[in-house]
Amino acid sequence: MISQIREKLGELATDVIEGIDMPTVITTKENLLKVIEVLKNELGFNTITDITAVDWYGRRDKRFDVVYHLRKVQSPHRVRIKVAIDDGEKVPSLVPIFEGANWLEREVFDMFGIEFEGHPNMKRILLWEGFPGHPLRKDFFWREEVPLPENE
Amino acid sequence: MEAVSKTENTQYIELNMGPHHPATHGVLRLKLTLDGERVVRCEARIGYLHRGTEKTVEHKSYHQALIYTDRLDYLSPLTNNWAYVRAVEKLLGIDGKLPRRAEYLRVITGELSRISSHIVGAGTHVLDLGAWTFFLHAFREREKIYDLLEELTGQRMNNTYFRIGGVAADAPDGWLEKVYKWADEFEKKHHPELMDLIAANPIFVERTKGIGVIPPEMALNLGLTGPMIRGSGIKTDLRKDEPYSVYSEFDFEIPTGKNGDTYDRFMVRMEEMLQSVRIIKQAIEKMPEGDVLIDDYKIVPPPKRDAYTQIEKLIHHFKLVSEGVRVPPGEAYGAVEAPKGELGFYIVSDGSAKPYRFRIRPPSFINLQSIEHIAPGHLVADIIALIGTIDIVLGEVDR
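If you read the sequences in order, they're chains V and H. Numbering that gives the first Met the number 0 puts the first sequence at residues 0 to 151. Numbering that gives the first Met the number 0 puts the second sequence at residues 0 to 398.
Okay, chain H solo, but in the shape it has when bound:
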């Protein structure tokens, strides 16, 4: 959209949208400069939820750091765990050497997380645009995912299911069948229902088509990732580009948009849910047997029974509980394709049991930057659509 020129005898108005505005998905403040209804300039003010995660974790052991990662993008805690353990596993030299059952459980829970995050993303996005029914139906499905995750991990949110070297526990009996049943139902019944509700809805289409267009060059230049860059037609996804874990064993597509507008990004998210369902179903069908934690007592505590009866195991147990995992000196960057985009952890170790530097590469933070570039020229009402389409979680933006 062309830049707005100031006409004679008009005055710009400055408007603060947020930090406590229901459509800002948290505590985001947008400082808008308006010419009538049109936005001339948009400046994002963030940091209201800054908790100093990076600093805090420098004083925690590698294992304690894990729970802080849950609380970044709290809509998708499992992929956050994953990115972090991946970085640590690279430093420990065990990346790709985990028991296969652990990798499969990671894939299943990670994809469940992706679906639930996209449900919130898409659901609240359309809720902001006035569609109530879609939101309710979508959130019913999210609640089912949370029930499944609760059964597996013990908690609805902030699951902390991953461990350095595997996952916390094996799936309970019958859990995989329940997930399969849910996935099948979602794919055949509920997803088409959701699409029927919204895809051709004239109000929704009118408010999203051609809004917030991001050309591919701009997406690359801004470093956007996830649905934000795929909506612009660039087919990139870390699960395909650098197939980590066991993703190379599954058959799935990377959906992309054409025009890079809000509608395309919404459709990319909807399609990604289906692809995640495909991955989950394949993973359950191919599920291997075996352990879910790596067999290395320098990283994972030995079974309790052994710790009570064998002195060497007791020492391992004691060292792991009192001090934690010691990670060899070096630096590593581990990233996964989180629902919002590329979530990475850059960890510098000095050989002690605490990370020397713990850097989070937050996809929401970097994606949010684009709002300053795409907002000018739009109406105030479109800003609501733009916030929804960027799909931010302020816990991750502000860290």
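Same shape as in the complex, but just chain V:
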């Protein structure tokens, strides 16, 4: 599978690594949508499993990795796509390709403050409007006391 991915993606992927558990495609945010489309339409990764992010605060130049997991249903094949971005950069939304990305991207926005361009409803999902900061960032103290929201 990994050689197929390499071949089909070609220039679109910066790198394709054989991970512990699945092939990992490293790409840029400009190429992200094209990569996902090729994986979906030509290689048959037909369902979205997960979207999340990793904060490398103070450990790397580009602060965040946005991590996508796709899966080919009825087969053991999975693929991971990683995009490195700086704080404040926007990533294109996957909603036009996978409707299921909607809530997942909202959660990433909620927890990391990464905005997705072209998302139909870029609002917080688990926390309330007006929550100070984004809790899964590494510079957010894990026992921070946060005032409770006003009644809606």
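Worth flagging that the hints you see were computed from the coordinates, not collected in a lab. You may find that some hints are simply not true.
Restricting the straight-line Cα-Cα distance to at most 27 Å, the calculated cross-link-like pairs of lysine-lysine (DSS-like) are [unchecked claim]:
1. LYS54/H <-> LYS122/V
2. LYS239/H <-> LYS137/V
3. LYS208/H <-> LYS234/H
4. LYS71/V <-> LYS239/H
5. LYS234/H <-> LYS143/H
6. LYS81/V <-> LYS59/H
7. LYS303/H <-> LYS239/H
Among chain H residues calculated to face chain V with C-beta under 10 Å, some are [to be verified]:
8. ARG44
9. ILE45
10. HIS49
11. LYS54
12. MET217
13. GLY222
14. ASP240
15. GLU330
16. GLY333
17. ALA334
18. GLU341
19. TYR345
20. VAL347
21. ASP349
22. SER369
23. VAL396
If you want the footprint, here are the derived chain H segments under chain V, 3+ residues with CB under 8 Å [stated by the list, open to error]:
24. 31-39
25. 351-364
All residues carry an ideal CB built from backbone N, CA and C; glycine is no exception.
Fit chain H to the known structure of chain V by using the hints.
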């Protein structure tokens, strides 16, 4: 169902269903826009039960993280443990190298968990639709499962039975026979009873057939898993697709529906219970002898007796208790087929004793998203059926 058009001189009403509504299975709030009795738009508001599990666990050791996983989908704690230990075991490079007895015990307890979760799912679903008897009979069986699990793990719920590298303890004497007896009885007597009560019940059929239809393309597009996607006729199950643990050694079927409606999903869950019983019976028949924990003192503490008498074992013991398991740097995604769908953990390790990033891929959260797509066009009363059919646990949705 076709979209509802606004007729003249009518006004839409906004109705909040929940967060404290008995039929929302927890604290889910649905913001409904209604045209008379018909739903025009449905927006789910979640997060009432958000406890920040992912953030908290980044400050806990790998072993402490285990108890947080129990409290996600608290109806099926053992499969949650399983998904988590699977991700960690992948990082440690011991996935698939565990003692076989441990794998078999994992399969048995995991399947018991699946049955008890489906019992709650199906039982409360029909309870919401007005069937009281089914619920009572189903919950009696669930209580028996909990008794069995209590005997094995010490607790009814939140068992935390799994360990990184195996399971906590071997089954007590006679436990396997008791499970076999229960499984046999459930298969031959109680499951058919439950089916008799509900499968052809005209009220139930009327309220579930053709309600909340999810076409297969939509299911894939939304990333649905578990009975939600199987109800739409897509035969996918991680136990067959990427047979983890020892599932390749058992003979079982993956039930699927045809129409993708609420009735089909209910039937998929009912049939899955029977298949789980089949797996449990086979596992008990083939049960191998041996250890239940991996023989590696960097991961599992040595026996207490050795820790008192041998200095090297004492050091291992001390390091494991004071610091915890050190996991090599890297990233891994481990998933199992939980009762609700694919439960996955994506763990990034920086080589220390705490996970650098701990991501839960919650099936309920992703399945719940579909309600915004399938609810428009239905009556308010059908929303109750839809919440039941998605089978959410808010502990997992909100994490």
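Hint validity - ILE45/H Cβ closer than 10 Å to any chain V Cβ | Check passed: Cβ of ILE45/H comes within 7 Å of chain V, closer than 10 Å.
Does the interface hint hold: is MET217/H within less than 10 Å of chain V, judged Cβ to Cβ?
-> 8 Å, holds
When the least beta-carbon distance from ALA334/H to chain V is tested against 10 Å, hint result | 8 Å, holds
Can we keep the VAL396/H interface hint, with Cβ of chain V closer than 10 Å?
-> 9 Å, holds
Hey, does the ASP240/H contact hint survive, CB to chain V under 10 Å?
-> 6 Å, holds
At a threshold of 10 Å, is the proposed contact between LYS54/H and chain V supported by beta-carbon distances?
-> Interface hint status for LYS54/H: holds (5 Å vs cutoff 10 Å).
Is it true that the CA of LYS71/V sits at most 27 Å from the CA of LYS239/H?
-> 13 Å, holds
Per-residue hint verdict: ARG44/H, partner chain V, C-beta under 10 Å = Result: holds, 9 Å to nearest chain V Cβ.
Residue hint SER369/H, partner chain V, criterion CB-CB below 10 Å | SER369/H check passes; min Cβ-Cβ to chain V is 9 Å, inside 10 Å.
Interface restraint verdict for ASP349/H against chain V (beta-carbon cut-off 10 Å) | 8 Å, holds
Given the hinted pair LYS81/V and LYS59/H, is their alpha-carbon gap at most 27 Å?
-> With a Cα-Cα distance of about 26 Å, the restraint between LYS81/V and LYS59/H holds, given a limit of 27 Å.
Go through the hint on HIS49/H and say holds or violated, using the shortest Cβ distance to chain V against 10 Å.
-> With a minimum Cβ separation of about 5 Å from chain V (threshold 10 Å), the hint on HIS49/H holds.
Comparing the model with each earlier hint shows violations of hints 2, 5, 7, 24; every other hint is respected.
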